[in-house]
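> So the chains spell out like this:
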Amino acid sequence: MSAQELLALADDELILGWRNSEWTGIAPFLEEDVAFSSIAQTEIGHARAWYELAAKQLDTDADSLAFDRQPGEYRCAPFVELRFVPDWAQTIARHWLYESADAIRIQALMQSDDSQIAGLSEKIDREEAYHRMHADMWADRLREEARFQQAVDELWPYALGVLEPDQRDRLCEAVSRDPVDAVERSTHTGELAPLWEEMTMVRRSVPGASW
Amino acid sequence: MVTAERVWEALAEIPDPEIPAVSLVDLGVVRTVAVDGDRVRVEFTPTFLGCPAVEVMRGQMVETIRGLGAEPEVEVAPEGWSSDRITEEGRRKLRESGFAPPAPREAGPVTLLRIQTAVHRCPYCGSEDTRLDNLFGPTPCRSIRYCTSCRQPFEQFKMI
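Quick note, the sequences are listed as chains A and B, same order. Residue numbers for the first sequence follow my numbering, beginning at 1 and rising by one. Residue numbers for the second sequence follow my numbering, beginning at 212 and rising by one.
Treat the hints as calculated values from the structure; they're not laboratory data. One or more of the hints may lead you astray.
Dumping the calculated DMTMM-like pairs for lysine to aspartate or glutamate here, alpha-carbon to alpha-carbon at most 20 Å [stated by the list, open to error]:
id : chain 1 : residue 1 : chain 2 : residue 2
1  : A       : K56       : A       : E73
2  : A       : K56       : B       : E254
3  : A       : K56       : B       : E290
4  : A       : K56       : B       : E286
5  : A       : K56       : B       : E216
6  : A       : K56       : B       : E266
7  : A       : K56       : A       : E5
8  : A       : K56       : A       : D113
9  : A       : K56       : A       : D114
Please take these sequences and the hints and turn them into a complete structure.
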């Protein structure tokens, strides 16, 4: 895989992990506080693993890739940039759509000829199984709710943009929706820059800090 | 010169940073130990990729191997960890410290149905009458269950 492809994966997981972590301490109830915090932690762990592979190709390290690029250089899908706190319906709609899309992407990577990519994907898939169970449980609970349905409608073009065009049919099938024009990875929303400001603040103010 | 057996014994003395009752060897995170003269190469695999204890584990292994007079090389193994790698000894120690050991994962994907139908025994009273409270817990490797017999919530190692 090219470094740019690895960065797209890593950036998706890092930025979504960051968005998930925004529920820490303020989720609707304690179980979800724990769940979203734990999911955030594993997503960021996956980001680190992908950054480490990209870093070998680019002769740098994972932290530099995660924190030292400018917002415009990130390759994440606009879908993961959107800030939803305190809207639970939108949060669950994205969680469910993203995990459905991510499963398709990871399943494909598990077939990679590169044993390192295939092995890492297999490990990530087993961890993500817990995210999918959680997302599916919530989607089942909210399926009849108008606010949830509206959020899924609004986010659907963004969700398709997580996947390469040749994988999108599988997502349509998985979530029983018709294809539409996707919001592609080449663009960014206005919500990435403020996230980046916050996410990189410590690193920018204390260069070389470690803990 | 240090032997692989001696290295394994020493690594078996290192407590897990988050659950000190079990060692890194009990948890099954140490995959291979290879001795080549004064150099000792250890491959280990974190329970979860996002585990914050990974660097602590690595540091402890490096220090332990240096303590044996050898030059350590500690690498993350490409194969992923599975909860089936926890040893019998590790399962016993977990249970004694109030953590329910994982149900066997064996082959096939882990699904909600499997988690809900597998036998999960309360580590406090031994009852099988327990229910899933939260898929997620205080660390990525644990879920929360509740024992309906002794009315005690407990931490359940995830099947992965």
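> Run every hint past the structure and note whether it holds.
Hints versus structure:
1. Of the pairs offered as hints, the one joining K56 of chain A and E73 of chain A holds, with about 18 Å between alpha carbons and a cut-off of 20 Å not exceeded.
2. A hinted pair counts as satisfied when its Cα atoms are at most 20 Å apart, and K56 of chain A with E254 of chain B qualifies at roughly 19 Å.
3. Note on K56 of chain A and E290 of chain B: the hinted pairing holds, with a Cα-Cα distance of about 19 Å set against a maximum of 20 Å.
4. The straight-line distance between the Cα atoms of K56 of chain A and E286 of chain B is roughly 15 Å, inside the 20 Å bound, and the hint therefore holds.
5. A distance of roughly 33 Å separates the Cα atoms of K56 of chain A and E216 of chain B; the hinted pair therefore is violated under the 20 Å criterion.
6. Between the alpha carbons of K56 of chain A and E266 of chain B the distance comes to roughly 19 Å, so the proposed pair stays at or under 20 Å and holds.
7. Between K56 of chain A and E5 of chain A the CA atoms are separated by roughly 14 Å; this keeps the pair inside 20 Å, and the hint holds.
8. Under the criterion of a C-alpha separation no larger than 20 Å, the hint pairing K56 of chain A with D113 of chain A is consistent with the structure, at around 18 Å.
9. Proximity of K56 of chain A to D114 of chain A is assessed by CA-CA distance (about 15 Å); at most 20 Å being required, the pair is judged to hold.
Checked against the numbered hints above, the structure breaks only hint 5 and satisfies the rest.
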